[in-house]
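Note that the protein sequences, when read in sequence, are chains A and B. So the first sequence is residues 460 to 785, counted in the working numbering. So the second sequence is residues 164 to 506, counted in the working numbering.
Treat the hints as calculated values from the structure; they're not laboratory data. Just so you know, these numbers come straight off a predicted model, no measurement behind them. Virtual Cβ for every residue (Gly too), placed ideally from N, Cα, C. Be careful, since some hints might not be right.
Only pairs whose alpha carbons sit at most 27 Å apart, straight line, appear in this in silico BS3-like list of lysine-lysine [said to hold, decoys possible]:
1. A:Lys569 to B:Lys236
2. A:Lys492 to B:Lys235
3. B:Lys439 to A:Lys559
4. B:Lys235 to A:Lys569
5. A:Lys569 to B:Lys312
6. B:Lys382 to B:Lys403
7. B:Lys214 to A:Lys559
8. B:Lys447 to A:Lys569
9. B:Lys259 to A:Lys569
10. A:Lys492 to B:Lys382
Taking CB as the label site, the calculated pair distances span [as the list claims (entries may be wrong)]:
11. A:Gly640 to B:Lys399: 55 to 65 Å
12. A:Pro600 to B:Pro360: 31 to 41 Å
13. B:Ala480 to A:Leu725: 43 to 53 Å
14. B:Lys312 to A:Phe741: 51 to 61 Å
15. B:Asp268 to A:Pro481: 33 to 43 Å
16. B:Arg505 to A:Arg724: 44 to 54 Å
17. A:Ile735 to B:Gly501: 10 to 20 Å
18. A:Gln506 to B:Lys312: 37 to 47 Å
19. B:Gly254 to A:Thr478: 37 to 47 Å
20. B:Lys399 to A:Leu725: 31 to 41 Å
21. A:Gly533 to B:Lys214: 30 to 40 Å
22. A:Gly640 to B:Lys343: 34 to 44 Å
23. B:Lys312 to A:Thr478: 46 to 56 Å
24. A:Cys726 to B:Gly501: 44 to 54 Å
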Amino acid sequence: MAELTYRDAVARGIAQEMTRDPDVVFLGEDVAKAGGVFKATVGLLDQFGPLRVRDTPISEQAILGAAMGAAMTGLKPIAEIMFSDFFAVCFDYIANEFPKSRYMTNGQTKCPLVVRTGNGAGSRFGAQHSQSVENWCMMIPGLKVVAPSSPVDVIGLLAASVRDPDPVIFLEHKSLYPTKGEVPDGEILDTLGTAKILRPGRDATILALALMVPRALAAAEKLAAEHGIDCEVIDVRSLVPLDTQTILGSVAKTHRAFSVEENPRLCGWGAEIMSIIADEAFYDLDGPLVRITTPHCPLPAADILEDAILPTVDRIVDRVRKTLNA
Amino acid sequence: MLDKATAKPATKTALNDDIGEATRLELYRSQVNIRECEQRAYDLFLQNLVKGTSHLSLGQEAIAAGFATAMKKGDLSFCTYRGHAHTLARGVPFEKVLGELMQRDNGLMRGKGGSMHLMSPEHGVMGSYAIIGAHLPIACGAAWRAQYKGHGDVSVCFFGDGTTNIGAFHEALNFAAIWKLPVVFVCENNFYMEYTPIGDVTAVPNPAGDRASAYGLEKIVIDGNDADVVYRTAQKAFEKARSGGGPSLIECLTYRHSGHSRADPAKYRPEGELEKWKERDPIKIYRERLKHFGIGDDVIAGIDAEVKRTVDEATEACKAAPNPPMDILTTDVYADGGFAWRN
Numbered sequence: 460m461a462e463l464t465y466r467d468a469v470a471r472g473i474a475q476e477m478t479r480d481p482d483v484v485f486l487g488e489d490v491a492k493a494g495g496v497f498k499a500t501v502g503l504l505d506q507f508g509p510l511r512v513r514d515t516p517i518s519e520q521a522i523l524g525a526a527m528g529a530a531m532t533g534l535k536p537i538a539e540i541m542f543s544d545f546f547a548v549c550f551d552y553i554a555n556e557f558p559k560s561r562y563m564t565n566g567q568t569k570c571p572l573v574v575r576t577g578n579g580a581g582s583r584f585g586a587q588h589s590q591s592v593e594n595w596c597m598m599i600p601g602l603k604v605v606a607p608s609s610p611v612d613v614i615g616l617l618a619a620s621v622r623d624p625d626p627v628i629f630l631e632h633k634s635l636y637p638t639k640g641e642v643p644d645g646e647i648l649d650t651l652g653t654a655k656i657l658r659p660g661r662d663a664t665i666l667a668l669a670l671m672v673p674r675a676l677a678a679a680e681k682l683a684a685e686h687g688i689d690c691e692v693i694d695v696r697s698l699v700p701l702d703t704q705t706i707l708g709s710v711a712k713t714h715r716a717f718s719v720e721e722n723p724r725l726c727g728w729g730a731e732i733m734s735i736i737a738d739e740a741f742y743d744l745d746g747p748l749v750r751i752t753t754p755h756c757p758l759p760a761a762d763i764l765e766d767a768i769l770p771t772v773d774r775i776v777d778r779v780r781k782t783l784n785a
Numbered sequence: 164m165l166d167k168a169t170a171k172p173a174t175k176t177a178l179n180d181d182i183g184e185a186t187r188l189e190l191y192r193s194q195v196n197i198r199e200c201e202q203r204a205y206d207l208f209l210q211n212l213v214k215g216t217s218h219l220s221l222g223q224e225a226i227a228a229g230f231a232t233a234m235k236k237g238d239l240s241f242c243t244y245r246g247h248a249h250t251l252a253r254g255v256p257f258e259k260v261l262g263e264l265m266q267r268d269n270g271l272m273r274g275k276g277g278s279m280h281l282m283s284p285e286h287g288v289m290g291s292y293a294i295i296g297a298h299l300p301i302a303c304g305a306a307w308r309a310q311y312k313g314h315g316d317v318s319v320c321f322f323g324d325g326t327t328n329i330g331a332f333h334e335a336l337n338f339a340a341i342w343k344l345p346v347v348f349v350c351e352n353n354f355y356m357e358y359t360p361i362g363d364v365t366a367v368p369n370p371a372g373d374r375a376s377a378y379g380l381e382k383i384v385i386d387g388n389d390a391d392v393v394y395r396t397a398q399k400a401f402e403k404a405r406s407g408g409g410p411s412l413i414e415c416l417t418y419r420h421s422g423h424s425r426a427d428p429a430k431y432r433p434e435g436e437l438e439k440w441k442e443r444d445p446i447k448i449y450r451e452r453l454k455h456f457g458i459g460d461d462v463i464a465g466i467d468a469e470v471k472r473t474v475d476e477a478t479e480a481c482k483a484a485p486n487p488p489m490d491i492l493t494t495d496v497y498a499d500g501g502f503a504w505r506n
């Protein structure tokens with residue numbers, strides 16, 4: 460057991476899989492010699508050499524297209540798109556190519572690849588380098604979508620993604636890179652499609668993803684200490700496949716559900732989950748389903764503004780408390 | 164491919180040049196295969212038996228035939244939505260192609276892909292891509308795999324003149340050049356990007372050829388209606404790719420006899436242009452070539468008749484084939500065979 464940053468967990472996860480399987484290759488902008496702009500891939504070039512860890516030009520379409528061609532013909536590529544906002548310049552592969560090739564060809568082809576990307580706000584980079592784009596990906600049949608919140612989950616879910624036979628969008632949160640957590644020694648392999656109950660509770664279920672997970676946990680502690688409300692916090696982790704059983708099981712116990720979403724409000728992942736709860740667990744509920752999100756607004760650059768627009772611990776506490784009339 | 168029984172021995176020594184009789188008959192048969200099948204696809208569309216859209220390669224057959232004949236088993240073809248020709252040229256049966264165009268259960272993808280998405284990995288056809296430019300980077304990736312694994316195969320990527328103005332074309336060319344990938348990019352310049360003359364919307368006269376120097380590549384512009392020229396150019400590019408010399412970009416000048424898609428009567432073409440190009444019909448050119456080398460009319464007519472008969476049989480089989488069953492509606496979304504996204 461050792462303490463590791465989320466950033467270093469990325470490199471360890473990639474190294475674990477590249478060591479295991481020589482068909483795993485890695486490409487992206489500044490990922491090799493520079494070790495990544497977020498320093499999440501330091502050391503991989505030295506360990507695996509320039510044939511397997513490759514710097515690319517600023518050509519997001521070429522990066523994702525090449526990953527697909529390699530995946531279709533037998534490799535297991537990990538492609539990095541530096542900022543998830545850049546999905547918009549290579550969205551053809553994410554929306555049209557990776558996810559549809561198997562279906563369109565009646566199962567004649569495969570696309571086992573992982574797209575890693577720096578997602579989310581908190582770096583004061585403004586509207587085009589800070590977005591949470593998980594809902595851009597979640598709505599596309601054929602993709603899997605994962606967003607870890609801790610170092611151990613980074614390694615375990617990345618390993619599961621690399622070994623998965625389908626295209627996986629792996630969203631790393633930029634603001635979590637410096638955070639630390641305990642990581643066991645040896646190989647770590649997790650399972651896609653599994654949510655984790657991080658804090659058991661009786662009074663309300665709080666669903667969160669990535670950077671919103673530590674905020675939901677902090678809010679739960681405050682709600683317990685200051686208002687006597689005992690919240691169950693679930694890290695959703697995997698949007699596709701989605702572990703609805705863990706979520707529905709929790710709601711059956713607490714009778715209340717809140718989602719904490721970093722994405723702008725419209726069509727966020729919480730809307731899909733809340734519709735499932737409304738459809739399948741309506742009679743378990745004691746109150747309205749509440750989504751706590753960033754407003755329908757681009758992200759500002761200034762720290763004071765950016766901090767104010769995202770869901771905060773206080774906003775979560777306030778919404779839960781008012782909804783429960785506590 | 165060559166039917167030895169109908170092939171007469173060469174009567175002129177010239178036939179035994181670098182291409183030779185057997186390959187020439189293969190090149191001819193391949194072009195006739197495409198012509199007959201594409202013409203049939205059009206006829207079936209008029210009978211409302213080909214549904215959706217379709218993009219024919221009538222008039223462009225020499226390019227598909229020339230490249231496919233020069234390919235080895237294991238080489239990979241990447242096509243656009245105008246991909247019937249390249250799919251047929253790699254040996255995919257007529258029935259599989261026409262069945263998909265007719266959206267029947269016997270089609271290549273049992274009706275789930277349609278005309279624009281023909282794929283048959285067992286024949287080296289790695290897909291037909293309907294988003295302009297998308298498959299150039301994908302071909303790069305397949306070539307990267309060949310390079311990394313030392314497999315020795317070449318990825319061949321076909322596209323139209325219109326593709327040279329989209330970003331993915333330029334990203335892929337640069338990418339292939341810097342990584343020295345074994346990929347051959349083939350621009351079928353038929354002078355129209357859909358309905359608009361390519362010259363009206365392109366900064367240089369040769370949409371692919373004049374871009375080659377930007378990526379450190381040789382400018383190669385060839386007669387795309389002469390299968391011999393195409394075949395020789397392909398061989399040279401494949402040899403370069405296989406020997407670690409990196410990518411090539413080849414612009415083949417050609418002309419489509421039909422409109423862009425089935426919805427297009429091609430009324431934008433100046434009077435006489437089609438007729439002028441029909442004088443340079445690749446199949447007409449190649450018949451004369453075969454005759455020049457002493458191959459008899461009976462051999463040529465024999466190939467024509469055999470191809471027509473095979474296409475007729477395929478057509479009847481497709482007409483008799485059932486529609487796709489409902490149990491494939493949501494299969495193969497994910498690798499587990501289904502479409503489940505939740506537990």
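Determine which of the earlier numbered hints do not hold for this structure and return their numbers in increasing order. 2, 3, 8, 10, 16, 18, 20, 23 and 24
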